[in-house]
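*Asks:* So the chains spell out like this:
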Amino acid sequence: MTLAQAPHGFLSPTGVEIAFLLVGLVTFGAALVTVTTRQLVHAALWLVVTLGGLAVEYLLLTAEFIAWVQVLIYVGSVVVLLLFGLMLTKAPIGRSPDADSGNRWAALTVAVAAAAALVWVVVDAFRATWIDLDGPAAGSTEATGASLFQNWVLPFEALSVLLLAALVGAIVLSRRAKAESSSPPMNSRAATKSSRTVTESSLPVPDSRENPAEQEGTR
Amino acid sequence: MNDVLDVALRLLVVFVVFLTFPLIVGQTEHKVMAHMQGRLGPMYAGGFHGWAQLVADGVKFVQKEDIVPAGADRRIFQLAPAVALLPYLLVLLAIPISPGEGAVGQVVDAGIFFVLAVMGVGVLGSLMAGWASANKFSLLGGLRTAAQLLAYELPMLLTAASVAMAAGTVSLPGIVDAFEWWWLPWQIVGAIVFFVAGLAELQRPPFDMPVADSEIIFGAYTEYTGLRFALFLLAEYAGIVVLCGLTTVLFLGGWHGPWGADGLGWVWTLLKAAVLAFVVIWLRVTYPRLREDQLQKLSWTLLVPLSLAQIALTGIVKVVIR
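Residue numbers (this note's numbering), protein chains in the order written: chain A, 1 to 219; chain B, 1001 to 1322.
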């Protein structure tokens, strides 16, 4: 940032600043690998490195609480969920030739635009403000809690309502899918049973071809 | 210079604890299981009641050939044991055993969050092992591990939050400092839920579906041999030490004891943790394994509601006594 004021010159960076920059570079590199690698599970694991790097950045900014929450939520839960989904569906060892998207240029544009907007907002908001890393920790649990529940209660509550809505939505969607997909198997089982009782040789073939089609239709 | 020495000494102590306590738990498990099953257990290695059996096991593991399956993802396969083991070493740094600055590896401001966050990372090791082995049993084990973690992380967090609410702090020494004897009946439900969920996170019996040896060989660790396999086993025992230490610190009052804590606090902490470790072993010998659907059901329909009720109770009592 070019907004540094006199006591915080660029030419005499402190150790923390150097560490911050290095960790940032590693995080950025890991993020790039995450989106460019052709190996799906490797992408998820590089995501762990990226998110862990972000947690280290928070730590260097003395925001200890945020750092641990970052590890807990993102590394411990979101990535595990991601890996779980990958393993359940498709997780080949080695490269997946189809792990590429025709939208890569559009995605790149959106990503660059989003990054530019975020950097601009942050730079504009804080300008020449510097965090005093040697003083009392500005991001301790106490400080974070106090500011969250005194100054930012309303956004916090709004966010929790948003999450609740997402939760309820997920339950509604999964229940509807279940209700729709659970009725065809009942019919199809009855169908196969009756077909078996009628003839054993010819009928099951069209039947078995019909069932997956039905189930895919409901999805 | 003094600071450097201090840090080095702390790290060394934590490292020694990390290397010895899991082995002690392992040897105790050999002996306790043997006696509960009416047999002797290891008796020859080292002379006195087979005390050196685990050392001998370690030597055996080191001598074995380290095999990576041909179809495996080599780097991740080899990295997985370290990812499984290291988090427990980090967690040990933050567990206080007696009052004062000198009795904890490193005072962490948001201790509970640090501990739970880092413990959750350890499971990534099992997932990596399960996927990278290129073995269907391993993959099944990895899947079950992930499902189990997702189910049991929540009650664990909620009950820990309940204690943090009671103490009014998220620092581990702070929580033990604030402990009063009547917290025991007050937080008992939370304590049980935390301990059970922790057992499930460690994949210890009766929650050892991910490594159920009678159906999926050894789950995510099927393809491992030699030292890397030993590291996974060590991670399990280090996990027991960490879980018992944490339950002691959070729910059982750590260094508080009926005859005062003057100077003997660490004895109380270790004693409570040891009793809990005994319970962990006891459960392994006595309880049958839970089926996968029973596992999920236990967590979502019993432990999560119980922990929510515990949080509500904590909140009410907290408001009433203020």
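The set of hints was computed from the structure by calculation and includes no laboratory data.
Misleading hints may appear alongside valid ones.
[Said to hold, decoys possible] When the alpha-carbon atoms are kept at most 30 Å apart in a straight line, the in silico BS3-like pairs for lysine-lysine are as follows: (1) K1031/B - K1136/B; (2) K90/A - K1064/B; (3) K1060/B - K1031/B; (4) K1297/B - K90/A.
[To be verified] Residues on chain B that point at chain A, a partial pick, calculated with CB under 10 Å: (5) V1108; (6) A1132; (7) L1143; (8) E1153; (9) L1302; (10) V1304; (11) P1305.
[Unchecked claim] For the chain B half of the interface with chain A, some residues (derived, Cβ under 8 Å), not all of them: (12) V1062; (13) D1066; (14) I1067; (15) A1117; (16) L1149.
For glycine and all other residues, C-beta sits at the position ideal for the given N, C-alpha and C.
*Asks:* Does each hint fit the structure? Answer for all of them.
*Replies:* A quick look at each hint next to the structure:
1. K1031/B - K1136/B: violated, 34 Å
2. K90/A - K1064/B: violated, 34 Å
3. K1060/B - K1031/B: holds, 20 Å
4. K1297/B - K90/A: Roughly 26 Å between the alpha carbons, so the hint for K1297/B and K90/A holds.
5. V1108: Interface hint status for V1108/B: holds (8 Å vs cutoff 10 Å).
6. A1132: holds, 7 Å
7. L1143: Holds - the Cβ of L1143/B comes within 10 Å of chain A, reaching about 5 Å at its closest.
8. E1153: Since chain A brings a Cβ to about 6 Å from E1153/B, closer than 10 Å, the hint holds.
9. L1302: violated, 19 Å
10. V1304: violated, 13 Å
11. P1305: Given a least distance of 16 Å, the restraint on P1305/B is violated.
12. V1062: Since chain A brings no Cβ nearer than about 28 Å to V1062/B, farther than 8 Å, the hint is violated.
13. D1066: Violated: closest Cβ of chain A sits about 19 Å from D1066/B, beyond 8 Å.
14. I1067: At about 17 Å, which exceeds the 8 Å cut-off, the nearest Cβ of chain A leaves the hint on I1067/B violated.
15. A1117: Holds. Min distance 4 Å.
16. L1149: holds, 6 Å
Checked against the numbered hints listed earlier, the structure breaks hints 1, 2, 9, 10, 11, 12, 13, 14; every other hint is satisfied.
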